[in-house]
Amino acid sequence: MTNSNENQRYQLTEKDFKQINRRSLFLFQSGWNYERMQNTGYLYLILPQLRKIYGDGTPELKQAMKTHVQFFNTSNFFNTIITGIDLALEEKQGSESLDAVAGLKAGLLGPFAAIGDSLFAALVPTIFGAIAANMAISGNPTGLFIWILANIFIMIFRWKQLKFAYKEGVNLVTTMQNQMNALTDAATLLGVFMVGALIATMINVHIGWKPMIGKVPLDIQNTIDMMMPKLLPAAIVGIIYWMLGKKNMTSTRAIFIVLIVSVALSALGVIAQ
Amino acid sequence: MDISWWQILLLTLYAGYQILDELEINSSAGSAVFAGFITGLIMGDVKAGLLIGGSMQLTILGVGTFGGASRIDANSGTVLATAFSVAVGMKPTQAIAAIAVPVASLMIQTDILARFTNTFFAHRIDKNIEDFNYSAINRNFLLGNIPWALSRQIPVFLALAFGGGLVTKVVNYLNTDLKWLGDGLSVAGAVLPAVGFAILLRYLPVKKHFPYLILGFTLTALLSTIFTSIQTLGTGLQGVAKDFSSTFNSLPMLAIALIGFGLAAISYKKDITQNNGGSGSSGSNSSSEKQEDSQQNDNDEGEIEDDEL
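So the sequences go chain by chain: A and B. For the first sequence, this note's numbering assigns the number 34 to the initial residue and increments by one for each residue that follows. For the second sequence, this note's numbering assigns the number 12 to the initial residue and increments by one for each residue that follows.
In short, the hints are calculated from the structure, not lab data. For every residue, glycine included, the Cβ atom is placed at its ideal position computed from N, Cα and C. It is possible that part of the hints are untrue.
Taking lysine to aspartate or glutamate and the DMTMM-like style, the derived pairs with C-alpha atoms no more than 25 Å apart in a straight line are [said to hold, decoys possible]:
(1) A:K125 to A:E47
(2) A:K51 to B:D194
(3) A:K138 to A:E201
(4) B:K102 to B:D194
(5) B:K138 to A:E129
(6) A:K95 to B:E33
(7) A:K138 to B:D137
(8) B:K138 to A:E201
For each label pair, taking beta carbons as the anchor points, the in silico distance ranges come out as [said to hold, decoys possible]:
(9) B:F143 to A:F197: 29 to 37 Å
(10) A:I189 to B:G247: 45 to 53 Å
(11) A:I181 to B:N186: 34 to 42 Å
(12) B:T179 to A:V294: 48 to 56 Å
(13) B:G247 to A:M276: 19 to 27 Å
(14) A:K125 to B:Q120: 23 to 31 Å
(15) B:I225 to A:L301: 25 to 33 Å
(16) B:K190 to A:I189: 22 to 30 Å
(17) A:S171 to B:Q249: 13 to 21 Å
Bound conformation, chain A alone:
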């Protein structure tokens, strides 16, 4: 009985993968909401496949839909890895797997959110955004096109991972863990390096204050430059970094504090552009 059931079960085709990928790339987060975040997005991505696996109007389908409309929130660059592993399970075991699937989703969404955020929300914008911004400030849009190109490669990567995860199944998580750790480590290293480089180039203020010592004006900026160029930008970033560690400090608040303090210091003639 169970055997014949398994034989009848629907097998995902190339067309299914394409449909899921299209939906993932263009629509995954359209329904993002405060209550359960990407829940409807997850369901929307695989709804046609769920209908094929369980059949329209069956209680199993309702159970599956209810499972997939629970809280979900992960990196939108890695979401189809979870989808792929999930579908591999559901396709083989049907509604019996739904408990395992719910656990799998809850267990994987956190780690993938962390890796995805550090790679794609922090690192890629840091490197390519910084290059784009750097060139843009001197009036050159080339850096922007480099960034777009990089994002096209990332889209291809997002497209490929679904089928890869579907084939590898649950094993994927264990086999890839070492590699992912090393990759995240290297990526954050590059991020830290780039922030250092950006501090040295992108904050263009200097000390405008020139106190008189006797009758000789003391050029403080020049004195600092002799010790170490770009020390003022480094100090500014250091102070803001420290400030951000304070309680009740949000990035938006920090931006406004910096805005007000900068205007005040500029009015007093301490710093200038």
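Following the hints, put chain B in place on chain A, whose structure we already have.
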């Protein structure tokens, strides 16, 4: 110069598109640099747009969409700042601090509104599941795009259509009676990227990688000083010697990024061989230790929220 109706139309359309791009396909058309570029193109001054967009990009560098929290909308800020800067003739560096940043932070509210509205659609989908109403599930999901787009389009449209007079008045003041404030806002615009870098450092395991922070900073500080000095020297020389012709570029950031990439690749290879070299159990041990390490790092560095919530 006024902003004409077709410019308002195009900018409003872009304001709606940019948030969807950022949410879904992520082509970087939803980035501040691109917002500046496209607004500059529409307004007829790409340079001003790129300057404002580039500066805003750096300011929000570390403010990713972590955990789906609302964050300041640098793109709408860039659109409005660029549009008014070109239309009214405001200095781009002033427009960053005077328009782009305040607008960007006000937009947090409409972002929150959009995310709340989508809760309503999520509840309708719960009901549709009970009824096996598949097309309604799809429809209620896709309708979620509308609050997202409108949350940007309505404020941008209103500001562009009715804000011009106010901005003109403000600019007049900034150039005459309140010159100290106008200059101060320019300086603030130049300092703001520092916030982006500091936020980013909060998210990155900076304690673990601090040698690379020093390396990146020092290498670039020295090289950029050399490049700038040579540029100054070359331009001066061109003024004196007529037959001396050669162009000098500023320090290319891609080159610096490649040095960083080399260092990262070395570290990656070392990690991988270490893990493969040891026996299976020790390998996984070290990696889990590492994970704990980085988690501790995250905790050590304090927590900041992306938004006011």
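Quick rundown of the hints versus the structure:
1. A:K125 to A:E47: Status holds; Cα separation ~17 Å.
2. A:K51 to B:D194: The hint is violated at about 54 Å.
3. A:K138 to A:E201: 16 Å, holds
4. B:K102 to B:D194: 10 Å, holds
5. B:K138 to A:E129: 24 Å, holds
6. A:K95 to B:E33: 32 Å, violated
7. A:K138 to B:D137: Since the Cα atoms of A:K138 and B:D137 sit roughly 19 Å apart, the hinted pair holds (cutoff 25 Å).
8. B:K138 to A:E201: 35 Å, violated
9. B:F143 to A:F197: 29 to 37 Å: Because 32 Å falls inside the window, the suggested range holds.
10. A:I189 to B:G247: 45 to 53 Å: Holds: the Cβ-Cβ distance is about 48 Å, inside 45 to 53 Å.
11. A:I181 to B:N186: 34 to 42 Å: At roughly 37 Å between Cβ atoms, B:N186 and A:I181 fall inside 34 to 42 Å, so the hint holds.
12. B:T179 to A:V294: 48 to 56 Å: This hint is violated: roughly 28 Å between Cβ atoms.
13. B:G247 to A:M276: 19 to 27 Å: Since B:G247 and A:M276 have Cβ atoms about 41 Å apart, the given range 19 to 27 Å is violated.
14. A:K125 to B:Q120: 23 to 31 Å: 47 Å, violated
15. B:I225 to A:L301: 25 to 33 Å: Between B:I225 and A:L301, where Cβ atoms are some 31 Å apart, the hint holds.
16. B:K190 to A:I189: 22 to 30 Å: 52 Å, violated
17. A:S171 to B:Q249: 13 to 21 Å: Given range 13 to 21 Å: holds, Cβ gap about 19 Å.
Going through the hint list in order, the structure does not satisfy hints 2, 6, 8, 12, 13, 14 and 16.
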